[in-house]
Amino acid sequence: MIVSVASGKGGTGKTTVAASLTTVWDGPLVAVDLDVEEPNLHLFLRPTVEGREAAHLEIPVLDQSRCTYCGTCSDLCQFKAISVMGKLVLIFPEMCHGCGGCLAICPEKALSPGQRELGEISWGRAGGAQFLMGRLRVGEAMSPPFMRLVKAKLDEMLAASPGDAILDAPPGVSCPAVNAVIDSDVIILVTEPTPFGFHDFQLAWEAFAPLGKPMGTVVNRAGLGSKDLYGFCRDKGLPILAEIPFDRAIAEAYARGRVIADVSPQLRETFVSLRGVIRDLAGRSRPGEVAHA
-11 MIVSVASGKG GTGKTTVAAS LTTVWDGPLV AVDLDVEEPN LHLFLRPTVE GREAAHLEIP
49 VLDQSRCTYC GTCSDLCQFK AISVMGKLVL IFPEMCHGCG GCLAICPEKA LSPGQRELGE
109 ISWGRAGGAQ FLMGRLRVGE AMSPPFMRLV KAKLDEMLAA SPGDAILDAP PGVSCPAVNA
169 VIDSDVIILV TEPTPFGFHD FQLAWEAFAP LGKPMGTVVN RAGLGSKDLY GFCRDKGLPI
229 LAEIPFDRAI AEAYARGRVI ADVSPQLRET FVSLRGVIRD LAGRSRPGEV AHA
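Each residue of the sequence shown is one higher than the one before, counting from -11 in the numbering used here.
None of these hints come from the bench; they were simulated from the model.
Some hints could be false.
To be verified - What follows is a list of derived Cβ distance ranges for each label pair:
| no. | residue 1 | residue 2 | range |
| --- | --- | --- | --- |
| 1 | V37 | A140 | 15 to 21 angstroms |
| 2 | E240 | R104 | 39 to 45 angstroms |
| 3 | S53 | P81 | 53 to 59 angstroms |
| 4 | H187 | D235 | 20 to 26 angstroms |
| 5 | L31 | C58 | 47 to 53 angstroms |
Virtual Cβ for every residue (Gly too), placed ideally from N, Cα, C.
With the sequences and hints as input, model every part of the structure.
Rendered as structure tokens:
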């Protein structure tokens, strides 16, 4: 089972929930930080890093001697990463999405695969769980291709050691956020009952609902703000899976980099209960059990 923990905006407690779920999860697990632009799950889980590797995107390299300037590659590229102007070919590596279409379609085979570094993937262990993190190179804009490489590493880890995965997704509703949750079995939306939190929560629901995934809500800072959020969830049939109270002790623990499931027995029980509710939402009752249609 793959569980994505997402949110409509940053600062709602998404990483807090992902870290606490990792701590209370029973059975084999990979905790994955897919918020590659600013990963911070490691600050709470404090993993022991066992390996690192650079992640590269395949980009075209031109062999000028073979090019006939026909423009076939330029016409194909929807991202305008190749431009043919007379007898001049310009390749813009930062705009290339690495689809490989230009390499396949060039009639003269004048384009060959090259590489551009996107970021670094690291992995290791955090307590009883495996840990995986992607960190995008500073100044790099290509999050989705890099996230696909992190997911490929996750597939490799799960193939070697079958189990569940908890993904700490990027905040918001843009392409990286959708790319993170699209392969998930369950989406957990973390929000807060404030006007800003509620507004972006609605955007998240509108973005993720068409994916047809089981979805539920965790309300952080419960008791703060209005009840509009609860009415919306009721109207949309979106279950509220857990509530985390608006509590100074939680804020202090977070500021010290502590996992809040370890703050008190009551909070730990909240996340143990959330673990079971997530499995029920996914149609499973035990780790590794296959959901039935």
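Q: Note whether the CB distance of H187 and D235 lies within 20 to 26 angstroms or breaks it.
A: 24 angstroms, holds
Q | Status of the given 47 to 53 angstroms range, CB of C58 versus CB of L31 | A | Since L31 and C58 have Cβ atoms about 52 angstroms apart, the given range 47 to 53 angstroms holds.
Q.
Given the hint of 15 to 21 angstroms, is the C-beta distance from V37 to A140 inside that range or not?
A. Once the Cβ atoms are compared, 19 angstroms apart, the range 15 to 21 angstroms for A140 and V37 holds.
Q) When you take the CB atoms of S53 and P81, is the distance between them in 53 to 59 angstroms? A) 21 angstroms, violated
Q: Determine whether the Cβ-Cβ distance between E240 and R104 falls within the hinted range of 39 to 45 angstroms.
A: Between E240 and R104, where Cβ atoms are some 43 angstroms apart, the hint holds.
Hint compliance for this structure: hint 3 alone is broken.
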